[in-house]
Amino acid sequence: MKKGLLFILFLCMGIMVFAQKRQISGVIREESTNEPLPGVSVLEKGTTNGVVTNIDGQYQITVSANATIKVSFIGMEPQEVVVGDASTYNFSLKPSSEELDEVVVVGYGIQKKTNLTGAVASVNTKELEARPIPDVGRGLQGLTPGLNVVVPSGEVGSDPILKIRGQLASFEGGTAPLILLDNVEIPSIQLVNPDDIASISVLKDAASASIYGAKGAFGVILITTKKGASTESVNISYSANLSFQNISKKIEMGGVEALEYSILAAERVGATATGAFWKVTRDSYERAAQWEEQWGDVVKPGDPMLYGRDWYVDANGYKLGLRTYDPYDYMIEEWTPSQQHNLSVNGKTGKTDFNIGFGYLDQNGMMKTAKEDDFKRYNGSIKVGTEVNSWLKVHGGSIFSKRVKRYPFATASTTADPWLYLYRWSPIYPLTTEEGDPIRSPVSEVAQANTAFQETNYTSMNGGFVITPVDDWNINFDYTYANQEYINRRPGTRYTARNSWSSALPKYDESGSRIYVNNAGEQVASTADGAMEAYELNLLTYTGVGANPDRIYRIAQNKKWSTINLNTTYDLTLDEIHKFNFMAGMNRVAYDVASNWSQKTELIDYNNPQFDLATGTQTAGGSEAWESQLGFFGRINYSLKDKYLLEANLRYDGTSKFPTDLQWRWFPSFSAGWRVSEEEWMKNLQPVLSSLKLRGSWGTIGDQTVNNSLYIPTMSGGYNNWIIGGSKLYDFGTPASVAAAITWQDITTLDLGFDARFIDNKLGVSFDWYQRDTENMIVPQEGLPTTYGTSAPKGNFGSLRTNGFELQLDYNHRFRNGLGLNVVATVADAKTKITKYGSTQVVDSWYVGKTYGEIWGYETDRLYQADDFVYENGELVTVTSSDDRNVYQLADPNAPTQGYLQSGNFMFGPGDVKFKDLNGDGVINDGSRLLDDHGDLKKIGNSTPRYEYSFRINTDYKGFDFSVFLQGVGKRDVWGNGFFAIPGFNASDGAMPEAMATDFWREDRTDAFYPRPYNLANSNNKLNLVSQSRYLLDMSYLRIKNITFGYTLPAQLVEKASLSSLRVYVSLENFLTFDNLRDLPIDPEEIAGYSMWNSSNYNLSRTGIGTPTFKSASIGLQLNF
Amino acid sequence: MKKYSLILITLVLLAFTSCDDFLDRPSLTEMNDETYWSSENNLRLFANGFYENYFVGYNSSWSSSYTPLRSYYFSDDFTSRGKQGGFETQAPSSRASTSSTPSMMTTYAGPSWNFSWVRKSNLFLERIENMDAGILTEDAQNHWKAVARFFRGYEYSRLVSVFGDVPYYGSVVADTEQDILYKDRDDRTEVMDKVYEDFEYVLANMRLSDGDAQYLNRYTAAGFISRFMLFEGTWQKYHLNNTDKASKYLQMAVDAAAIVMESGKYSFSSDFRSLFGSQDLAGNPEVIMYRHYDAALGVTHTVASYSNITEGQGTAANLALAKAFICTDAKPYQLSSVENADKLDIQNMVATRDPRFEATFWDTPKKESATLLYADKFIDRVGPTYYGSGYPPMYGSNTNTNDAPVMRLAEVVLNWIEAKAELATMGGAAVTQADIDASINAIRERPLDDVAIEKGITKTAPLLLSALPDDPARDTDVPALIWEIRRERRMEFVYEHSRLLDIKRWNKIDYMRASENPDIMRGLWIDFQSEFPEWLVAEKEGVLRVENENGTIVTYDGTNAAEMVGYFVPESIAERDEFTDRVYLAPVGNAQISEYTDKGYTLSQTPGWN
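Protein sequence lines, in the order shown, are assigned to chains A and B. Numbered according to our numbering, the first sequence spans residues 1 to 1121. Numbered according to our numbering, the second sequence spans residues 1 to 610.
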């Protein structure tokens, strides 16, 4: 096809040879400064004939008579002129004011950006190009203020979490924005091929989102795909990216120091050994420290474990480890490759336009020992439109997206996956081999696990037409059917390894004689000096026949959406100054989901787990659910002299989620704008103030993104674990307590803002302030004590209010020498408060006035030191405190007593945490935990991200481009949970970050940050580690999200290769992160308990325990034919 | 053409919007409370939801609540290395739950502050009462009401055993009834009177058989009723000195137990170990109800693995428990004429004590036990033979499949005889030799298994009223007969549900003080040189200790191996923290008290706690 086009071009040129030629020249200047512009392209339109201005902005070109010449320069508005008789044509170029003409996709239509009255952000899709990111969601992070994107883990194939304006809009509802692809809801932003996208709009306030009604209450992300070309052409583009990923923050775990912590914690309570399957004793700790000196540099990760050198069995039969293992060495694969390819063909022929796109992504995870750990996505899309006649246009399209994730099926558990165990056990838990056999550990289980896959196939078919009965009147009909098929296959196995969980066995040689070794692990004669009887771990298949994971499991699920959009628009202009746009329509969505699963135990062939090759128990199950929404809506836009803008929306919404009499509701919204700069009296401020628009909006949207049986006392059935007559008992549970009247939650947003541009449109400021009220919020009824016997019924009992702002600044400038500069900075903030929730005053509940995410705790003073206490014969003295508790006597008789915070065998002593007596009553306690009696508690932080900001700088010069993108969160606090966040969380299990293991209080390290060792036995909120200011995690961060350096080859060069453009680039993603986490191995974006496998209690909600996030380095190219 | 299109669109629009039921999409996969109660079978399906919670057996997977060994290890029978586990030292910040997963507080051997099961049984009862006669015969209705009332009584019995006074709810409370929801705790006696009424109904109305013998029937219920009524009867007597109530409850304990004993359906024809280690308890005539396990169905437990002699027993049987075992001549060791009865080392005790000693403990010192005395009661005779090699899944990890007895005849007869004996002290009929023969002596007549016979174990002689032993260790305030009944319980139920609750109801929590009961700080007699030389190593110098016959603590120093003869002193042992009588009952959480204050109500704290 390309050759054909060239041939046609050649013919045209041949014809032109015979046309009359003439030479013209001129100077091209920049309008505001009147400086000459070098490098401006001057082209005879419709030909390849062109020149470039010299350093003085001059050009000279020979063109045919009556030719049109086009002058264009990046960042400037192009100009055209028809060549007449003159020989000199000078041009003054204005900086391009894309702003002025830019259109933005809004609900069921487009709107000139200048006429927008709602809070709508359009994303510059160019910023998504050339970044080694697997999906659009990750790319959107930091691009638009008010759109919060969090990437909580590095699990390949997982969705980022998207939220618009604040973390919480409702307790019960989704809080997730509605993601629409060409006006049809999609289940995941992952399925979109970034290359297919023509535009992305983020509708943030009620007025702009309300037209989408029932599901758009928490904002809408509107993605429009590329259509065919508007002019006769065929364009082919291809882009590729190859990247290498590595962990973004190294996980530094404590070695011998962690053992020291464990043994000190044990000794503190009078124990002499600690640990679950492997023990630490004073003796073993001291020998482990020697091991580190003697063998630390000699024994490499992966070297086999040797009895005598690396471990020993003591007289109690305990297994004691001397060698420490760093899970990082065994589990994390560094620099794993990923690649991405996109190809699209776009064009128009006759009355038919088309766009065809293909995409391929292959991303590798970092689990080192996994047979397979990767994610692949295949995209295909086609969109065709044709004009049937003057009043009818028909279009159709289809999208296909296939996502395949492969991962080791080590366990079906999502609350304790291999990552949890990897960072649970003390560093002496062996991760290597013994006698050539693997040793039971997450590492060996992942290595033996068969590969599970989950496949998500999304297919949508879309068709519709536009009827234009008369000019300015359109009727649009669109029907989309989408089907998402999800398949998850989990082939099990049985694990065989040296069982490090059970007792060691005496080691014998082939003749049955006991083997003796020395302390280097070498076999010696029993009489040799230092000879000891050797042990070994028991090699066996330690998972039972038919027991987890000796089974094959498969689930298939289908989600189906049937969406009808029907609307009609009419434009009316009266007296040239009154412009109206009327729109009315309906939207109807039916959704259903059905799934079934089956499982069979006792596999015959562990290399090929199949249902037909399994002999055990078969089980099966399934589920079905459905819902529907129907909405009717209307919109009027009115513009007076293009200066005064008004918009009004009304929507009548129905949903299947509520009782019949409460299903339907009306929701209105309004917005208005005033383009102040269009007023005559503002004209003299030009060009300093190029434009200014004030905006305001108010509207209410109903939310119904809740379970459809909240008002029904449902009873669900299931098998329990009691067996009668050879089968499990099936039981129906207690009906939930419900409120019969449950209806829509009302989300009302008031938004005030302005858009201004200064200095010839070079500097832009856009600001929004908003207040979003969630009223009639569905919450559990407040004030039901435990004696109620079940969870409180939910109803429309609560309200909350979110206040926030968004600010975006941008600056564009092109220097005379051709250097272009584009800077964008954004900052956004949101804060949510409870405005209605019963009468409770309990600080832990949702009392009225509570800020969402607030954390209550004590204020830490410091660590107690030895001289804070009284001694008798060198022993601490126990006395009874004023609040009747046994405490160690403090040297200062007036010092506050902390006995209230003690429990079990713990008493505050030297090295423990000292709290501040905020209310000065001499006793550290939390009162009644009521607002008017909370003792020494105070609000110590807030877990919601505040002050999210981003900064981007793009430069280009003579084909080179360079950009840096920074993104961060100004403030976020988390009270952590688990081994990475709480020192001594479980000192018996033993894992501990290096940062803690080297900085806890000892008599010879009294300035330590962390307190004296104590085993908290899986608690994250008691004793020394009761919620308090000192150990609150500061999750604020600044991340250099992306650095890209690219080069676009000169047009003349690439044309020789029949290309129209070619760009190559290198890009670094997530490369540097600055945080305040004191070297703890926690990613500041992480959300404890959240992953694609379990969104509420993944890995027991332990902070930082999960697939680590990664950074990547990539190279790529983009070319257009 | 244009017009036709427009009409077409309008029609399409109308077609879609005129469906009235488009928005009518109820849940497809759940039943609705309003329509569920339509058949007796549905009642059974609802009742099935109680089994896992009330008939826990060995629980399942890694869950350990209410299981022997894993949860019932806090009493005067058991001792750990280092400092002994203590009672809680102050009221918890919060103690409340609405979870329906079985969960137990070890130091109270009972549930947390949780009323979800109260609500469930009340709701069940109300639904049954509202069912049409057309669906349910009167007999059936009475039976299912009895089932609901049994579970309600069960729940209140154990709530009272933990907290004492608790608010009583005899019906489902609506969310609007704040005054009722926030009422303060009701007196325990009032509560137990309501429980008594429930149990009266149960004993009169529950079916004798409800199909498969494993479904709750009157005999199973009666077994539990005898347990709860014995508890409350003795509590009333020993804590509240309320003889009227004590007699009332104890009489019901006797009556309930009699229903089982007189049924003729159950007998002591199984050996002791088989009650706990069998893969299938169906047909075991001593077992009234059991929980079955099956790996193929994915229902397994961990209790056998903790009994397999390799898995560590960090809390293990102590000298006090061992001394309590009766000698085979039915006399305590101080009075026994059995040869070597006064030698308190493992080997001699196995040979001279009641056969349950041999069936409960491994017969040589085991380093895996904190006291060297290792309980292998909850596994069959084969499991421990894998020691030193790998264990098959049925004996290791969480993949064990031996069945758990939930209610067995031995408990019923021991409840019966104790209640009778207590009644006799309060004016009731005296206990007769026939009563003893029907209870304690029937248990002692249990057959021995082959392993025991091979070891030369013999049955214990019957207990004779005419020759009641006068145990020199007996508390002066306990009559000799009751002392022997308590001893029988203690031997029978090692590591099972009863010991902590027993010493609580007898007002004998002092047994957990080493100052009053020094034997809880010691293991059995041991001569390390002959019995356990592998600990006479350098590593044990300064660590290994015994208390010799002079009462002197001897510490191994590498040279005094011959002196290492005496009662074993567990490593680094230290006494538990001092406690007061408040530990008989659990405190409620501070947060719960605040919650009441917040609403202008009062929730009283348990006496003695702050």
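Take the hints with a grain of salt, since some may be wrong.
Stated by the list, open to error - Think about it this way: if two alpha-carbon atoms lie no more than 27 Å apart in a straight line, the pair counts; the simulated DSS-like pairs of lysine-lysine are: (1) Lys938(A) / Lys599(B); (2) Lys833(A) / Lys331(B); (3) Lys599(B) / Lys836(A).
In short, the hints are calculated from the structure, not lab data.
Now the hints, each set against the structure:
For a cut-off of 27 Å, the pair hint linking Lys938(A) to Lys599(B) stands: about 22 Å separates their Cα positions. For the proposed pair Lys833(A) and Lys331(B), the alpha carbon gap of about 73 Å is over 27 Å, so the pair is violated. Taken as a hint, the Lys599(B) and Lys836(A) pair is honoured in the structure, with Cα atoms around 16 Å apart against an allowance of 27 Å.
Hint check: a violation occurs at hint 2 only; the rest are consistent with the structure.
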